[in-house]
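Engineer: In order, the protein sequences belong to chains A and B.
Going from the first sequence to the working numbering is simple: count from 1 and add 14.
Going from the second sequence to the working numbering is simple: count from 1 and add 14.
The hints are simulated quantities; they were obtained by calculation from the structure and are not laboratory data.
Where a beta carbon is used, it is the ideal one built from N, C-alpha and C, also for glycine.
Be careful, since some hints might not be right.
[Claimed, not checked] Calculated lysine-lysine pairs in the DSS-like style (CA-CA distance at most 30 Å, straight line):
no., chain 1, residue 1, chain 2, residue 2
1, B, K312, A, K480
2, A, K25, B, K180
3, B, K25, A, K25
4, B, K312, A, K321
5, B, K318, A, K480
6, A, K318, B, K279
7, A, K25, B, K312
8, A, K278, B, K279
9, A, K488, A, K469
10, A, K139, B, K179
11, B, K25, A, K321
12, A, K219, A, K318
13, A, K312, B, K139
14, A, K139, B, K337
15, B, K318, A, K139
16, A, K139, B, K139
17, A, K318, B, K67
18, A, K337, B, K312
19, A, K179, B, K337
20, B, K279, A, K25
21, B, K321, A, K480
22, A, K139, B, K180
23, A, K219, B, K321
[Claimed, not checked] Estimated spans, in silico, between C-beta atoms of each pair:
no., chain 1, residue 1, chain 2, residue 2, range
24, A, E275, B, E275, 38 to 48 Å
25, B, K274, A, L188, 49 to 59 Å
26, B, K63, A, L335, 30 to 40 Å
27, B, K321, A, K440, 18 to 28 Å
Protein chains: 2
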Amino acid sequence: MNSTDVIKVNKVFNSFEELFKQIQINDGMTISFHHHLREGDNVMFQVLKSIQKIGVKGVTLACTSLMNTHDFIADMLGDGTVSKIQTSGLKGKLACMALSGEMPEPVIFRSHGSRARAVSDGELKVDIAFIAASAADIFGNANALDGPSAFGSLGYGVWEAKNAKKTVIVTDYLSQSILRDISISQSYTDAVMIVPSIGNTAGVKAGSLKEKGNPRDSVIASNVANTIINCGMELDQSAIQMGSGSVSLQVGRHLNGYMKERGKKFKFGLGGITQDLIDMLNDGTVDSLLDVQSFDPKACYSIKNNKNHHEIDVNTYANPLNKSSAVNFLDIAVLSATEIDTDWNVNVLTGSDGSIIGAIGGHQDVAAASKITIIAAPLFRNRIGVIRKKVNTVVTPGENVDILVTDFGIAVKESRQDIIKSLTDKGIKVLKIEDLYKKCISFTSEPRTISFTDKVAGIVQAPDGKVQDYIYKKV
Amino acid sequence: MNSTDVIKVNKVFNSFEELFKQIQINDGMTISFHHHLREGDNVMFQVLKSIQKIGVKGVTLACTSLMNTHDFIADMLGDGTVSKIQTSGLKGKLACMALSGEMPEPVIFRSHGSRARAVSDGELKVDIAFIAASAADIFGNANALDGPSAFGSLGYGVWEAKNAKKTVIVTDYLSQSILRDISISQSYTDAVMIVPSIGNTAGVKAGSLKEKGNPRDSVIASNVANTIINCGMELDQSAIQMGSGSVSLQVGRHLNGYMKERGKKFKFGLGGITQDLIDMLNDGTVDSLLDVQSFDPKACYSIKNNKNHHEIDVNTYANPLNKSSAVNFLDIAVLSATEIDTDWNVNVLTGSDGSIIGAIGGHQDVAAASKITIIAAPLFRNRIGVIRKKVNTVVTPGENVDILVTDFGIAVKESRQDIIKSLTDKGIKVLKIEDLYKKCISFTSEPRTISFTDKVAGIVQAPDGKVQDYIYKKV
């Protein structure tokens with residue numbers, strides 16, 4: 015070609031001012047962020063402050079989830095920079111604002127699968143996806159495996175990049191050579207924004223992911239492992255998702271020992287990937303890991319060096335429009351609950367006092383697809399009962415739940431006679447959920463009813479986008 | 015979930031009869047195939063025979079390219095099974111049929127970039143992509159790196175899978191576990207069809223890819239290397255595509271030595287990847303390889319084991335709608351020609367006798383984007399001149415070509431004074447293309463004009479989908 019015609023593809027920006035000349039951001043746009051860095055995220059702060067500075071208003075913030083570290087957004091809702099929020103969960107100040115009716119519009123809560131669906135079926139049109147990546151190259155390839163802030167799988171970011179109108183990779187590590195590991199291809203990247211730091215990866219393991227030395231959790235974990243081993247499912251070559259909390263980590267250890275002794279192997283471990291699953295991969299008790307989100311930055315080493323540890327995007331994880339999504343091949347899933355009711359409906363988003371304290375995560379998606387869905391929870395927390403007559407918010411409908419494992423026993427749904435028989439045959443006592451409810455209130459007494467107004471503060475979607483439940487403004 | 019509701023996702027089929035119950039194929043559908051297996055492909059035969067057997071008619075065959083091994087399609091055009099052909103190239107019987115006007119409709123010829131564009135902008139809507147893969151797993155993940163018929167990059171197939179309405183992986187190697195290397199995700203796969211053999215990988219290196227021991231090629235290769243080294247482009251950290259023929263292989267060896275001696279390194283090598291580029295990667299004279307098509311099954315080992323050897327899809331290779339495509343970062347490209355004219359227009363599709371003998375490949379895409387485009391060709395072949403007053407078919411317009419290197423000297427386009435000066439300063443004689451033309455006809459004399467009818471036998475697209483030229487039925 016003529017030398018004067020050479021296409022100049024310079025994607026790299028060092029100032030938001032220059033970036034926003036190239037990637038136009040206007041009032042009312044929808045912008046998105048992922049939450050892989052969890053409480054350690056510093057990308058949303060830098061991007062939103064820059065947007066606030068140039069006076070853009072009325073932005074819809076579509077985040078895969080929001081944490082305490084995002085409290086600063088409260089001010090931006092106040093001054094009109096942000097006008098709507100869509101997320102999997104809320105915490106801290108933002109949760110309070112939502113419940114007290116201070117948000118300009120109801121918050122839309124989606125599961126990870128529903129989020130994957132919403133960006134792919136057009137319900138959620140993202141104008142600009144700002145994707146924190148721990149490394150990018152000058153051509154726009156990106157990963158979360160290299161650089162000082164490496165955090166593991168970039169599973170949410172990958173799907174955002176494929177579906178957003180424009181994609182901006184935000185990183186603190188720029189390679190002049192093509193990255194060795196490419197999670198987001200240059201083909202999907204419109205710009206690479208260099209910032210001093212994308213965050214603090216120590217924040218990835220904050221909050222619910224911390225292992226507590228709590229004996230109650232050990233009892234629940236032991237009960238869960240016992241249930242899984244004896245529920246009648248052949249574990250060899252089965253697929254499992256175990257969750258990420260203190261209980262799950264211990265369940266992993268139990269199962270690892272059990273499988274190792276018997277020379278058995280799970281076909282794959284799915285979901286948020288924890289150190290115990292990586293141990294199982296290394297010990298040969300799980301064949302492959304499908305990692306949409308790493309709950310430990312140590313996963314980087316495993317993803318890079320173990321070809322059976324796969325980074326998957328959230329579409330492959332749980333998009334309900336994708337018949338091939340991995341959740342559809344799950345045999346056993348262990349999930350948590352803030353509350354569960356005697357109709358088996360599960361809440362993971364609000365507490366019994368009505369406050370927003372959690373996130374939907376993949377709860378709905380996994381429960382709907384897994385052949386056996388186990389809820390692991392203590393009977394009560396801080397003297398508040400976990401089992402209710404009716405949960406405050408239905409996140410996962412009872413029809414998708416099979417077993418409740420607590421520190422005071424195991425309940426199995428009436429319709430799962432197959433599981434009841436198998437457990438009973440193995441000498442495990444199976445209760446009715448009503449029994450556990452009675453046990454619960456024998457400690458806590460009947461909880462008071464909380465009062466809400468009829469003003470909608472949040473809409474909880476089902477994976478298909480229909481309304482699953484509403485969250486109302488508190489009195 | 016209830017055990018009775020378990021989603022049955024069985025994707026694996028052992029008979030085409032069963033497959034076609036699941037993946038409906040109807041009259042008039044458009045189906046696609048890639049040509050990674052080149053003359054060794056046996057997938058198109060098995061699929062088309064099965065379609066013919068069930069009596070489906072009027073199929074549009076959209077192939078990334080067609081070879082001699084696909085001669086059997088002639089019969090299927092005869093009996094109405096196939097009614098239209100879209101491809102990058104034609105050979106053998108099909109080429110003869112097209113030129114003699116026996117095809118029911120004109121053949122559409124597209125470059126690889128144009129094909130990538132056509133499937134992504136909707137010009138070419140593929141109903142079912144049948145994708146030969148050397149390995150698949152029961153979930154539908156696929157690659158071309160494992161199994162007895164491994165052939166390397168699956169770059170065309172990956173983009174087909176993402177854009178076709180339905181994707182059928184055709185393989186002879188099924189893994190019960192998740193593949194370690196995943197080129198096509200289960201999310202894009204509707205079915206996996208097991209056949210006894212997908213083909214013979216010895217056929218990948220057939221035809222133009224064979225290295226000939228011909229002294230003329232050695233002279234051209236030496237001239238090309240000399241031109242690249244002295245054209246004024248700083249080679250350290252530059253990006254190069256060298257093509258795949260006998261000349262290119264030798265150019266690679268020259269450049270490898272040159273770069274090694276000087277401690278220089280190309281940033282990336284692009285395109286069809288040959289053994290000499292893999293040698294350069296291993297020798298450290300090229301930093302990364304971007305492999306849309308492996309011209310040697312040995313590339314499998316390199317892709318699997320060298321993280322700087324990247325499989326890229328054809329969108330990332332050369333889709334003109336993708337500003338980030340790799341061709342846009344090319345500094346130097348070496349391309350071939352069946353003919354070139356004194357206006358620098360290049361033909362790679364038809365011969366001087368009017369017959370269809372080649373394929374567009376990435377020619378148009380690379381020439382349009384590379385900062386310096388070199389055509390390497392002998393002055394004449396079998397006494398037929400390669401330089402003409404006017405090429406028989408314009409595939410790549412002269413405006414995108416800079417240099418012609420032959421066995422009788424080097425010509426540089428008048429407008430590239432930068433290159434002319436640099437070469438002359440280094441003591442390299444630079445000719446005008448007219449000089450080479452005169453030299454050519456001094457050997458061959460003025461070629462006879464060939465007669466065509468005004469019936470269109472083929473449409474040669476430009477990368478953007480506009481008509482670049484027509485191929486007419488011969489008299």
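Engineer: Hints first: check each against the structure and report whether it holds.
Structural biologist: Hint check:
no., hint, verdict
1, B/K312 with A/K480, "violated, 51 Å"
2, A/K25 with B/K180, "violated, 34 Å"
3, B/K25 with A/K25, "violated, 41 Å"
4, B/K312 with A/K321, "holds, 20 Å"
5, B/K318 with A/K480, "violated, 44 Å"
6, A/K318 with B/K279, "holds, 25 Å"
7, A/K25 with B/K312, "violated, 34 Å"
8, A/K278 with B/K279, "violated, 48 Å"
9, A/K488 with A/K469, "holds, 9 Å"
10, A/K139 with B/K179, "holds, 22 Å"
11, B/K25 with A/K321, "holds, 23 Å"
12, A/K219 with A/K318, "holds, 20 Å"
13, A/K312 with B/K139, "violated, 43 Å"
14, A/K139 with B/K337, "holds, 22 Å"
15, B/K318 with A/K139, "violated, 37 Å"
16, A/K139 with B/K139, "holds, 24 Å"
17, A/K318 with B/K67, "violated, 47 Å"
18, A/K337 with B/K312, "violated, 35 Å"
19, A/K179 with B/K337, "holds, 14 Å"
20, B/K279 with A/K25, "holds, 23 Å"
21, B/K321 with A/K480, "violated, 43 Å"
22, A/K139 with B/K180, "holds, 25 Å"
23, A/K219 with B/K321, "holds, 29 Å"
24, A/E275 with B/E275: 38 to 48 Å, "violated, 59 Å"
25, B/K274 with A/L188: 49 to 59 Å, "violated, 28 Å"
26, B/K63 with A/L335: 30 to 40 Å, "holds, 34 Å"
27, B/K321 with A/K440: 18 to 28 Å, "violated, 47 Å"
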